[in-house]
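As they're listed, the protein sequences go chains D and X. The first sequence begins at 0 in numbering that gives the first Met the number 0 and counts up by one. The second sequence begins at 0 in numbering that gives the first Met the number 0 and counts up by one.
Think of the hints as simulated: they come from the structure by calculation, not from any bench. Be aware that one or more of the hints could be misleading.
As the list claims (entries may be wrong) - For lysine-lysine, the following DSS-like pairs were computed, each having C-alpha atoms within a straight-line distance of at most 30 Å:
#, chain 1, residue 1, chain 2, residue 2
1, X, 52, X, 127
2, X, 169, D, 84
3, D, 11, D, 38
4, X, 33, D, 140
5, D, 84, D, 96
6, X, 171, X, 127
7, X, 60, X, 127
8, X, 127, X, 169
9, D, 92, D, 140
10, D, 140, X, 159
11, X, 169, D, 103
12, D, 140, D, 96
13, D, 140, D, 38
14, D, 84, D, 99
15, D, 11, X, 6
16, X, 52, X, 171
17, X, 159, X, 127
18, D, 38, X, 33
19, X, 169, X, 60
20, D, 86, D, 103
21, X, 171, X, 60
22, D, 103, X, 171
23, D, 86, X, 169
24, D, 84, X, 33
25, X, 169, X, 52
26, X, 169, D, 99
27, X, 33, X, 159
28, D, 84, D, 140
29, X, 159, X, 169
30, D, 96, D, 86
31, D, 86, D, 99
32, X, 171, D, 84
33, D, 92, D, 103
Claimed, not checked - Residues from chain D shown here face chain X by an in silico Cβ test under 10 Å; the list is partial:
#, residue
34, 22
35, 45
36, 46
37, 50
38, 52
39, 62
40, 112
We treat Cβ as the ideally placed atom computed from N, Cα and C, and that holds for glycine.
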Amino acid sequence: MVNIKFLSKNRKAVSPVIATVLLIGLVLVITLIVFLWFKGLTQEAIIKFDKNVEIVCDEVQFETGYSNGILSISNIGNVPIYGIKVKISENGKYETKSLKDLSKWPSTGLNQGRTFSGDISANVISANSVTLTPVLVGSSKSGERTYTCNEARYGHVINL
Amino acid sequence: MMFKNKKAVSNVIGYILLVTIAIVISTIVFQWMKTYVPTEPLGCPDGVSVFVKDYNYNCTKNQLNFTLTNNGRFNLSGYFIHGTNSSSQELAILDLTPYTPIGTGGNPDTEGLAIFNSENNSFGPGAKTNNTFNFTNSSFGQIYSIEIIPIRYQPTNNNKNRIISCSNAKIKEIIVCS
Numbered sequence: 000m001v002n003i004k005f006l007s008k009n010r011k012a013v014s015p016v017i018a019t020v021l022l023i024g025l026v027l028v029i030t031l032i033v034f035l036w037f038k039g040l041t042q043e044a045i046i047k048f049d050k051n052v053e054i055v056c057d058e059v060q061f062e063t064g065y066s067n068g069i070l071s072i073s074n075i076g077n078v079p080i081y082g083i084k085v086k087i088s089e090n091g092k093y094e095t096k097s098l099k100d101l102s103k104w105p106s107t108g109l110n111q112g113r114t115f116s117g118d119i120s121a122n123v124i125s126a127n128s129v130t131l132t133p134v135l136v137g138s139s140k141s142g143e144r145t146y147t148c149n150e151a152r153y154g155h156v157i158n159l
Numbered sequence: 000m001m002f003k004n005k006k007a008v009s010n011v012i013g014y015i016l017l018v019t020i021a022i023v024i025s026t027i028v029f030q031w032m033k034t035y036v037p038t039e040p041l042g043c044p045d046g047v048s049v050f051v052k053d054y055n056y057n058c059t060k061n062q063l064n065f066t067l068t069n070n071g072r073f074n075l076s077g078y079f080i081h082g083t084n085s086s087s088q089e090l091a092i093l094d095l096t097p098y099t100p101i102g103t104g105g106n107p108d109t110e111g112l113a114i115f116n117s118e119n120n121s122f123g124p125g126a127k128t129n130n131t132f133n134f135t136n137s138s139f140g141q142i143y144s145i146e147i148i149p150i151r152y153q154p155t156n157n158n159k160n161r162i163i164s165c166s167n168a169k170i171k172e173i174i175v176c177s
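Starting from the given sequences, assemble the full structure and let the hints guide the process.
See below:
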């Protein structure tokens with residue numbers, strides 16, 4: 000009974016100023032949460048030659064060859080290739096490694112006009128094919144970062 | 000109070016808020032998307048072309064001389080040159096620039112180039128140049144073929160000269176002893 004009386008007669012709530020401050024505070028907190036969540040969803044842009052590195056992958060040109068266990072790569076384009084991802088396929092299963100781990104890849108990458116050759120025979124003994132995908136390096140807000148180009152679009156397949 | 004105080008922000012302030020929010024959102028989206036806008040890649044013009052007019056390969060001394068002619072429409076500054084030492088080698092990966100006087104070395108950025116004149120596309124259309132390569136001290140012995148990719152300096156968007164590889168004008172020549 001007392002409670003009903005209290006509810007019906009005491010109609011005071013928080014003042015409009017406090018309500019406004021609360022609303023603004025809530026909006027700010029929710030905005031911050033959504034911003035942090037969205038930032039985590041979108042990848043940080045990696046820039047190379049003033050463009051997104053994803054676009055620069057289009058300009059990468061390289062030739063590959065494999066003979067007697069020796070893998071040869073020639074960078075004939077104008078984009079330095081920082082690294083190569085090697086996908087070794089064998090009877091339906093595959094394993095991806097960096098060429099740095101398989102052979103003596105130059106530490107600064109393969110600049111334009113440069114060539115590479117290295118023995119990878121020990122790693123591809125029973126493999127059916129290898130796919131070579133270029134890895135580029137670009138700058139982002141958090142410093143230099145590497146980016147592996149899309150394998151389906153830019154990968155070179157060598158059937159062994 | 001809720002029913003009686005129907006005042007809100009005025010129309011003008013409402014519009015200003017809307018326009019400001021739209022501008023802020025557009026700026027954010029523009030900054031994010033502008034890196035995805037494709038620009039013309041820095042490439043070689045279509046009319047670049049060279050050919051080996053004649054060559055002389057002295058297998059005893061392991062010395063190669065060839066005359067390179069610019070039969071294209073554009074000036075060039077030099078070339079990348081790679082070779083093979085057997086017919087079974089698919090890809091020319093032997094860098095031959097250390098064996099010629101015009102080859103660059105030392106600096107990893109310019110290593111592997113044969114340059115006629117630095118920072119200058121001095122090799123004009125119709126020009127010929129005679130280049131000598133001495134492979135006496137090489138580890139690979141005799142060469143079987145050479146591949147030449149012409150290069151030229153081209154200005155970038157930042158007005159800096161950058162070496163551009165003309166891979167569409169690449170030539171291959173099988174070398175036999177004379």
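Practice problem: Tell me, in ascending order, the numbers of any earlier hints that this structure violates. | Solution: As far as the earlier hints go, 3, 9 and 34 are violated by this structure, in ascending order.
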